[in-house]
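Colleague: Residue numbers (our numbering), protein chains in the order written: chain A, 2 to 389; chain B, 2 to 389.
Calculated directly from the structure, the hints in this document are not laboratory data.
Among the clues, some could well be false.
Said to hold, decoys possible - EDC-like cross-link-like pairs, simulated, lysine to aspartate or glutamate; straight-line CA separation at most 16 Å:
| hint | chain 1 | residue 1 | chain 2 | residue 2 |
| --- | --- | --- | --- | --- |
| 1 | B | K388 | B | D322 |
| 2 | A | K256 | B | D173 |
| 3 | B | K256 | A | D74 |
| 4 | A | K174 | B | D328 |
| 5 | A | K174 | B | E170 |
| 6 | A | K62 | B | E60 |
| 7 | A | K62 | A | D74 |
Claimed, not checked - Which bits of chain B does chain A cover? Going by a derived footprint, with three or more residues having C-beta under 8 Å, they are:
| hint | region |
| --- | --- |
| 8 | 141-154 |
| 9 | 166-175 |
| 10 | 251-262 |
| 11 | 275-283 |
| 12 | 328-337 |
| 13 | 352-359 |
All residues carry an ideal CB built from backbone N, CA and C; glycine is no exception.
There are 2 protein chains.
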Amino acid sequence: MKHRLLLMAFLFTGVFCFAQTEDEKMVEDFEPSVVNQPGKEFPKVNSEGRVRVQIEAPEAKKVQLDIGGVKYDLEKNEKGMWIGESAPQDEGFHYYQLNIDGASVPDPGSKYYYGAGRWGSGIEIPASDKEFYELKDVPHGSVSENIYFSEITREWRRNFVFTPPGYFENMDKRYPVLYLQHGSYEDETGWSSQGHANLILDNLIAEGKAEPMIIVMDNGYAYKPEDLEKAGENRPRSSFEDVLIKEVVPQIDGKFRTIPNREHRAIAGLSMGASQTMSIIMNNLDHFAYYGGFSGTANFPGDKKVDAGTFLNGAFSNAKDVEEKLDVIFLSLGTKEAEVFFKTVNAFRDMLEKQDIDYIFYSSPETGHEWLTWRRSLYQYAQLIFKK
Amino acid sequence: MKHRLLLMAFLFTGVFCFAQTEDEKMVEDFEPSVVNQPGKEFPKVNSEGRVRVQIEAPEAKKVQLDIGGVKYDLEKNEKGMWIGESAPQDEGFHYYQLNIDGASVPDPGSKYYYGAGRWGSGIEIPASDKEFYELKDVPHGSVSENIYFSEITREWRRNFVFTPPGYFENMDKRYPVLYLQHGSYEDETGWSSQGHANLILDNLIAEGKAEPMIIVMDNGYAYKPEDLEKAGENRPRSSFEDVLIKEVVPQIDGKFRTIPNREHRAIAGLSMGASQTMSIIMNNLDHFAYYGGFSGTANFPGDKKVDAGTFLNGAFSNAKDVEEKLDVIFLSLGTKEAEVFFKTVNAFRDMLEKQDIDYIFYSSPETGHEWLTWRRSLYQYAQLIFKK
Numbered sequence: 002m003k004h005r006l007l008l009m010a011f012l013f014t015g016v017f018c019f020a021q022t023e024d025e026k027m028v029e030d031f032e033p034s035v036v037n038q039p040g041k042e043f044p045k046v047n048s049e050g051r052v053r054v055q056i057e058a059p060e061a062k063k064v065q066l067d068i069g070g071v072k073y074d075l076e077k078n079e080k081g082m083w084i085g086e087s088a089p090q091d092e093g094f095h096y097y098q099l100n101i102d103g104a105s106v107p108d109p110g111s112k113y114y115y116g117a118g119r120w121g122s123g124i125e126i127p128a129s130d131k132e133f134y135e136l137k138d139v140p141h142g143s144v145s146e147n148i149y150f151s152e153i154t155r156e157w158r159r160n161f162v163f164t165p166p167g168y169f170e171n172m173d174k175r176y177p178v179l180y181l182q183h184g185s186y187e188d189e190t191g192w193s194s195q196g197h198a199n200l201i202l203d204n205l206i207a208e209g210k211a212e213p214m215i216i217v218m219d220n221g222y223a224y225k226p227e228d229l230e231k232a233g234e235n236r237p238r239s240s241f242e243d244v245l246i247k248e249v250v251p252q253i254d255g256k257f258r259t260i261p262n263r264e265h266r267a268i269a270g271l272s273m274g275a276s277q278t279m280s281i282i283m284n285n286l287d288h289f290a291y292y293g294g295f296s297g298t299a300n301f302p303g304d305k306k307v308d309a310g311t312f313l314n315g316a317f318s319n320a321k322d323v324e325e326k327l328d329v330i331f332l333s334l335g336t337k338e339a340e341v342f343f344k345t346v347n348a349f350r351d352m353l354e355k356q357d358i359d360y361i362f363y364s365s366p367e368t369g370h371e372w373l374t375w376r377r378s379l380y381q382y383a384q385l386i387f388k389k
Numbered sequence: 002m003k004h005r006l007l008l009m010a011f012l013f014t015g016v017f018c019f020a021q022t023e024d025e026k027m028v029e030d031f032e033p034s035v036v037n038q039p040g041k042e043f044p045k046v047n048s049e050g051r052v053r054v055q056i057e058a059p060e061a062k063k064v065q066l067d068i069g070g071v072k073y074d075l076e077k078n079e080k081g082m083w084i085g086e087s088a089p090q091d092e093g094f095h096y097y098q099l100n101i102d103g104a105s106v107p108d109p110g111s112k113y114y115y116g117a118g119r120w121g122s123g124i125e126i127p128a129s130d131k132e133f134y135e136l137k138d139v140p141h142g143s144v145s146e147n148i149y150f151s152e153i154t155r156e157w158r159r160n161f162v163f164t165p166p167g168y169f170e171n172m173d174k175r176y177p178v179l180y181l182q183h184g185s186y187e188d189e190t191g192w193s194s195q196g197h198a199n200l201i202l203d204n205l206i207a208e209g210k211a212e213p214m215i216i217v218m219d220n221g222y223a224y225k226p227e228d229l230e231k232a233g234e235n236r237p238r239s240s241f242e243d244v245l246i247k248e249v250v251p252q253i254d255g256k257f258r259t260i261p262n263r264e265h266r267a268i269a270g271l272s273m274g275a276s277q278t279m280s281i282i283m284n285n286l287d288h289f290a291y292y293g294g295f296s297g298t299a300n301f302p303g304d305k306k307v308d309a310g311t312f313l314n315g316a317f318s319n320a321k322d323v324e325e326k327l328d329v330i331f332l333s334l335g336t337k338e339a340e341v342f343f344k345t346v347n348a349f350r351d352m353l354e355k356q357d358i359d360y361i362f363y364s365s366p367e368t369g370h371e372w373l374t375w376r377r378s379l380y381q382y383a384q385l386i387f388k389k
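Next comes chain A alone, as it looks inside the complex (with noise of 0.2 Å):
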């Protein structure tokens, strides 16, 4: 190791000086990240969880690797090559981006994924549990993408349905239906891109855990001209509860063999989508019969108490009512997230247990509010719903 290291000193003679010591003793075991481009070495990931990368900009100033919400200098060596590494990142996927001299731009190292309001760089620690959302050998369904025109929103819009192995051949099988939604400043793209919605159903459905189910990935984000007209700088009114409730479930009852009503349908959300599928099962209770909130509550942002008479519209405040129609509850957190997550979806945990409602929790193990606690709660939902 220490070799090594001192090869590397030697190759580093750059114009600045060094922020790693071999005191910090950073693991030398660094390979290719698993989501790089076809053939790039860069950036790699080592056992600890950092990221190395590497950019050529010989006549940069400064570059960073900017990840995590920190960003980490990188040094250049002799030919021009900046190389540098963050600390230890969560096991998961991140978004990251570098900056040189100043510019914030994707790796183009680096495949790229819709989140944080852009299309960017994406890495991957390997997980301890990696194994649940791996490409095995096991029967693979499909990813189509569909594009409609909203009425509603008076625009071209898309989703994504994955549809379970077999769907193709068995031409007379009915199957049931999860409506899957995405965060804020993501989209359509995410769940069966660093989602890997398909891949953890494939292996779910190949050992019999959950049900061959359709998956519908649909953008939560459907505005009409007119209300984001008036909204002018505020946020406009939401549309995608009419969009997704009169224009989506019919056109993918039409189109694919759904088994077309509420027990055979289910919505489930992370962050944003959590707290959207909220409102929109409470509202309509005739289309769905199972609801999962990953890392959020519509009672999002807040420790404030959940009142069930007024919260929702009253919707909880008659807990046999819910527990007839709501067959599953599921709410889930990584125990890294930031505190307003907890917060509010504890506030709605107290509510639910103040009036007797049953829920299922599940808690991610040391994941923040990213993708492998959406990973991990999809992994477990997906197990609960369909079941009846």
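Using the hints provided, position chain B relative to the given structure of chain A.
Modeller: For chain B alone, kept in the frame of chain A given last:
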């Protein structure tokens, strides 16, 4: 116009002098590109086909726009924003990148495409005939991602499959299949992304100009591990023909409602894909009846005379055989392609003419070795196949 140019001159009081003068008469009608990331103002395109980019890089010494093989210097304004324009570009789609103090990176304003051997920025110069590949109010097919394990290359691979409008609903109908290949340094994503194969077919089918068909877009790079090892630094022997014929075609016929015979299978490709698919069809005339070679033929590269007696093992030596087996031979080139493509394709055409073998040649006006040539070629070719 003069007024706006003067205003711009006032704004761009950077440390560098102006490359643009009023004499060049740049038309100031720039609009955000149609392939920008949501909410991004730049890059922009004007009616001359110039590309204007902007990026914040307050500490950078030199920022360039790299498009069409030319690097254009940008100018910095007092806010640290670099801005500048390219010369007029050809109509259609182009890959490009930014260069910041020597670092080649994607433009954070554009969407990303796989081409030139990387995921990177792309821009669209609206074509005068763009209507044929636009998203219109017609029934839309779906594009699905299908994952499979290749026993030949011992790796997970995938293809994208376009199923025409009505495929999911009309469960008794069976369809012909077009196998459609990308070019070198591109991959299986190209045709349904920057190629717009799905929209081209949606529009043609809506007008009754093409038969409803399935399109399969796989990855033309396919190597056995042992061939990769043997090749070292050289190009390994390709196993794409084996993968396509022995694995992909049977899978597609097993999974989708195809008409599994040669009269209902077509094959086409662009550039490298044109060359590959020409070899494949001539080796497998029991599988396919229609060939399309866009900007390429299997004698690439060069102007050497093509000898019908020896070329592709004499596959074109008997005109009667060829015409009995091949219902369509379609070739195309853009009028602005590099000489090598003209020489190659013309040498092949000379051979066909000498052999008295019928073929159809399409010339794409004012386009180079780029996607508008190939979109137009598909538009032409799709109208010729499955018409018997």
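Colleague: For the region 352-359 of chain B, does the count of residues with a C-beta closer than 8 Å to a C-beta of chain A reach 3?
Modeller: Violated, because only 0 residues of the region 352-359 of chain B bring their Cβ atoms closer than 8 Å to Cβ atoms of chain A.
Colleague: Given that the region 141-154 of chain B was listed as covered by chain A, double-check it with a C-beta distance under 8 Å for 3 or more residues.
Modeller: Answer holds; 9 residues pass the 8 Å Cβ test.
Colleague: Are three or more residues of the region 275-283 of chain B within 8 Å, CB to CB, of chain A?
Modeller: Result for this restraint: violated, n = 0.
Colleague: Would the pair K174 (chain A) and D328 (chain B) pass a check requiring their Cα atoms to be no farther apart than 16 Å?
Modeller: violated, 38 Å
Colleague: K256 (chain B) and D74 (chain A) were given as a pair; does the straight-line alpha-carbon distance stay at or below 16 Å?
Modeller: Violated. K256 (chain B) to D74 (chain A) sits at ~51 Å, over the 16 Å cutoff.
Colleague: Is the straight-line distance between the alpha-carbon of K174 (chain A) and that of E170 (chain B) 16 Å or less?
Modeller: Given that 16 Å is the threshold and the Cα spacing comes to 14 Å, the pair holds.
Colleague: For the pair supplied as a hint, K62 (chain A) and E60 (chain B), confirm whether the alpha-carbon distance does not exceed 16 Å.
Modeller: Holds, at roughly 8 Å.
Colleague: Between K62 (chain A) and D74 (chain A), is the straight-line Cα distance small enough, at 16 Å or below?
Modeller: Holds - the C-alpha atoms of D74 (chain A) and K62 (chain A) are around 11 Å apart, at most 16 Å.
Colleague: How does the coverage statement for the region 251-262 of chain B fare against chain A, requiring three or more residues with Cβ below 8 Å from a Cβ of that chain?
Modeller: The restraint on the region 251-262 of chain B holds, since 3 of its residues have a Cβ under 8 Å from chain A and three suffice.
Colleague: Check whether three or more residues of the region 328-337 of chain B sit with their beta carbon closer than 8 Å to a beta carbon of chain A.
Modeller: violated (count 0)
Colleague: Compare the distance between the alpha carbons of K256 (chain A) and D173 (chain B) with 16 Å, and conclude whether the hinted pair is satisfied.
Modeller: With a Cα-Cα distance of about 14 Å, the restraint between K256 (chain A) and D173 (chain B) holds, given a limit of 16 Å.
Colleague: Is it true that the CA of K388 (chain B) sits at most 16 Å from the CA of D322 (chain B)?
Modeller: violated, 20 Å
Hints 1, 3, 4, 11, 12 and 13 from the earlier list are contradicted by this structure; the remaining hints agree with it.
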